[in-house]
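Under the working numbering, the first residue of the sequence shown carries the number 57, and numbering increases by one thereafter.
Among the hints, a few may not be true.
With beta-carbon atoms standing in for the labels, derived distance ranges [what the hints assert, rightly or not]:
1. PRO219 / THR123: 30 to 38 Å
2. HIS144 / VAL209: 42 to 50 Å
3. GLY96 / LYS73: 39 to 47 Å
4. LYS231 / VAL59: 24 to 32 Å
5. ASN97 / ILE197: 18 to 26 Å
6. VAL59 / VAL209: 22 to 30 Å
If you're looking for bench data, these hints aren't it; they were derived computationally from the structure.
Glycine included, every Cβ here is placed at the ideal spot set by N, Cα and C.
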Amino acid sequence: MEVFDAIKGRRCVRKFKKKEIPEEVLYNVLEAARWAPSSGNLQNTRLLIIKDKAKKEFIVKEALGQTFIADAPVVLIVCSDTDIIKRHYDERGEKLYAIQNTAAAIQNILLAAYNQGLAGSWIGAFKEVRLRKKFEIPDKIDIHAIIPLGYPVEHPYAPARIPLSDILYFKKWGKIKAAKDLFPLSESGPRIAKHAARKAKKTAKKLKKKIKRK
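Given these sequences and hints, build the entire structure.
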């Protein structure tokens, strides 16, 4: 699978098949997290793997009742050993770099999961204190996200994206005219969007066939 196919095909999924994830498939997904970029290559991301049904139900309760979490065969609790970052980069490292690093790892996880025929969701709404106590996570470790992973029941269509021309400036903030002169996306934007939608539908069909075969 090409990188752009994964980037454009990945979706947040909340319906999972009752099917276990083979160890080698899960390993490949977790290995992708290990290769994510990090500030100073300090590699502060830590992953807690949860498969036990009762523990997943506990996570549901502490994640605002998002019941689909317990339906996933594997739930990852994404953490950060923020002390490592803080020692090198002080407060900015603690408040920003640590989160950026785990976010990069999460994106790698989701893209690798899609490549393996899996899907997941990036969840940030949860009671950190309760999770910390239940899973005996040390105080120096921050909890940044929860990711339920599994084989999707369906593959949602691509959500709308704003045109590329709406997020670009050139030379200085707010300078739109220069952006249009150098890279006339205002004209090509709709065409690009239609092309992306067609590609996304094709990718969705391929994944559906792959899921059925499994």
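| query | When the hints from earlier in the document are held up against this structure, which numbers fail? | reply | As far as the earlier hints go, not one is violated by this structure.
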